[in-house]
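There are 2 protein chains.
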Amino acid sequence: METLSTPRRTDLKRTLKLKTLQEALQTLLAQVKIRPLAEMVPVEEAVGRVLAEDVVSPLNIPRYTMTFMDGYALRSEDTAQAVPEKPVALRVVGEVFPADFPISTKVSSHQAVYVACGGPVPEGADAVVKVEEVTPDDGCIKVSRPVRVGENIASAGEEVKEGSVILRKGQILRPQDMALLMGVRKESVRVWRKPKLALISVGDELVEAGKADPTKTVNNYASLIAGLALEAGAEPLKAELVPDDAVLIEAKLKEAISKAEIVATIGGCSVGVKDLVPDAVNALGSPGVIVHGVAVKPGHVAGAGVVDGKPVIMLPGHVVSATMAFYLFIAPLINWHLGLGSRGLLPTVKATLNREVKSKTGSLFLRVSIKNGGDGFVAEPVHGGSNVLATLVKANGFAFLPPMETLREGDELEITLFSKHEYAHLGLQ
Amino acid sequence: METLSTPRRTDLKRTLKLKTLQEALQTLLAQVKIRPLAEMVPVEEAVGRVLAEDVVSPLNIPRYTMTFMDGYALRSEDTAQAVPEKPVALRVVGEVFPADFPISTKVSSHQAVYVACGGPVPEGADAVVKVEEVTPDDGCIKVSRPVRVGENIASAGEEVKEGSVILRKGQILRPQDMALLMGVRKESVRVWRKPKLALISVGDELVEAGKADPTKTVNNYASLIAGLALEAGAEPLKAELVPDDAVLIEAKLKEAISKAEIVATIGGCSVGVKDLVPDAVNALGSPGVIVHGVAVKPGHVAGAGVVDGKPVIMLPGHVVSATMAFYLFIAPLINWHLGLGSRGLLPTVKATLNREVKSKTGSLFLRVSIKNGGDGFVAEPVHGGSNVLATLVKANGFAFLPPMETLREGDELEITLFSKHEYAHLGLQ
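Chains G and P, in that order, are what the protein sequence lines are.
When we follow this note's numbering, the leftmost residue of the first sequence carries the number 1, and every step to the right adds one.
When we follow this note's numbering, the leftmost residue of the second sequence carries the number 1, and every step to the right adds one.
Possibly wrong hints are sitting among the right ones.
Simulated crosslink set (DSBU-like; lysine-lysine; CA at most 35 Å straight-line) [said to hold, decoys possible]:
#	chain 1	residue 1	chain 2	residue 2
1	G	Lys-371	P	Lys-169
2	G	Lys-371	P	Lys-238
3	P	Lys-169	P	Lys-238
4	P	Lys-310	G	Lys-211
Chain P stretches covered by chain G per the calculated footprint, using a threshold of three residues with CB under 8 Å from any CB of chain G [said to hold, decoys possible]:
#	region
5	144-154
6	158-172
7	179-192
8	199-207
Worth flagging that the hints you see were computed from the coordinates, not collected in a lab.
Here the structure is a predicted model, which means the values were calculated and not measured.
Beta carbons are placed, not taken as given, at the ideal position from N, Cα and C, and that holds for glycine.
Chain G with its partners taken away, still in its complex shape:
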């Protein structure tokens, strides 16, 4: 008989009270008492972040009336009669480059000033003719057509007006948004803070990757959940490992709750004799565990509690179940911290099922492998045990099917991709 080294639960008949997916999430969100926070970040580091405020431009773009061509600034009226047979000669009285701003150069009647692309347009000029269109001739240029008022000129504020809103609260910042912020001389910008996610893997059998004990199991599920959380917009903290020991679990949980906005355990929340996590959550304070059991397959032993107003998610130890519970509880919490709707940062695609799928009395966490079928995406259900990581490697995304639902071959459904990497991945097929 194997030795019994750790304390164990005595109520071997623990019963799960199954909640629907919606009940489970709503019960949790109703009890979470912390609020999303914003922070200032340097503009250069803001790509991928979500704006927590409207951004108003403090200046005009262009800052001054400028030309966007290499050419000659002139008075358009001087060229009104110009034709190829009888070009107009204008005397070149100066040259202006972008770095010369501000300038005192002026253009009078029948004069021209060379202006380099991006340079300010001298007072008196109202148009710029391109350098390729004129013939230089002894300190003059010859213009052989009428140049329109405003030709090749951009007015100050034409692109961005001082005081106007250039980016809206709730937007995800892209490289071009960052460039625009830099262009209006913003050095930092207010974005929603990424929620910190503390992960605690529970189990005597676990060992950290790299600690090559062949009799132990590598703690790779924490890396998976951390990787998914990072893609969803959270900041995962270094994952912690704890054995099946009530005291140690409680201590790790307490520390995690003090450091992170979202805490999640992996394993130790089922009905076995060493499933000590729910008791530890309850021991830490009120209300403790508020959801234990969800009417979904796989992953029905998932649960959630609240301690110090912060959510503590109990992810099952099976990898597919843990992933289900990540998308059920943690992804919405991340979205909420980022001021985003339910969709969040995860891409979705519409796809056509290539075979029938059915849910039973509970919801179904349907894994699918998506392929580009030429005429849109085709979703093939991926079946397999709740503990088979290979099914998640084969799949690209998921959908939650309501209870007692039958979807037939050819039905369209919306698939949430596991992460944005899936999109490039499935493009390679």
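Here the structure of chain G is known, so what remains is to put chain P in place on it, guided by the hints.
Positioned in the frame of chain G, the structure of chain P alone reads:
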């Protein structure tokens, strides 16, 4: 008259020889002499990278025959006659937890062993009955139905066979692939090296962001190109700034070519008197500039050269033109370094045009703003000057239209999104 402080070009009638998009890219690729390189990276840092080799599993998963439920390991034949009215009693002779592997525990006739989820199945047992399904009774358990052979048991190697290929060369690694690699005890993995991109912005008028000289222009276009390159899979080096000075441009280019796999200049490649970049590229060695002028709008002054076998891309100084040339030249070079096809890491979507667009004698770099129209994506063309960054902020992606093409309202076209951030961005609409 503004002063003339720097050397300038004398051939003011520089003529561009326009190549088609395809000619321009092919001419460049034919002369590039460096080769993509692979590198080993720690598995934990491999998400988003592209595999440069097939990965073979060095071990079985599960490593041993295990149960994936908390329950009792037994001999199925002992339960063949079990019915609720007449349950079979089996003596519990031990208990096994995952951390106990390897075990010597055995199950004989009419015995059972408690096995925790993930634990090894003792010799002699061929099935596991769930803990919820039995009634404990004085050192025994009562089983009230026949348990099938193999029930709740996963055989060694059932998920992953030792020696089998688990991930293929060319795959983009996702969080679940990383977890699988960790699970088979891989600590590092061979991926394609991200090509380094050196960016040199050219122009007397430019100043680095944060150096708040209001008479100067912030070098934000380099940040835009660096941001796009990062998303496309490159490693952008810190952008350099150089004034319109042939000697300094040449020196910066030389340094950049020694450090990076791809070099790009921004600005200084048009036909103005201070457009000194092409001469600098030619001065550095053979073949020098091999493309100057592309039949595309905007961005026809773009060019490319090769020095020391490495590509030197001349991006125009106008931001939309520079972005066009990034997608024309640099994105394909990045894809090639990453062992990817033309699509690379950039997402594409099919969208329906909401108005007519026409190209003229050259190709058109068509910017579009994509909206989710309920029944698929709708693409609205975004027009505006080649130097208007705001048009890129309004847009999500682009398509290259061939010359003399007319697309009508309702036509479908494939749009390449500027970066993967666009996908989440447009999901928020």
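Verification of the supplied hints:
| no. | hint | verdict |
| --- | --- | --- |
| 1 | Lys-371/G to Lys-169/P | 18 Å, holds |
| 2 | Lys-371/G to Lys-238/P | 38 Å, violated |
| 3 | Lys-169/P to Lys-238/P | 31 Å, holds |
| 4 | Lys-310/P to Lys-211/G | 42 Å, violated |
| 5 | 144-154 | violated (count 1) |
| 6 | 158-172 | holds (count 7) |
| 7 | 179-192 | holds (count 6) |
| 8 | 199-207 | holds (count 3) |
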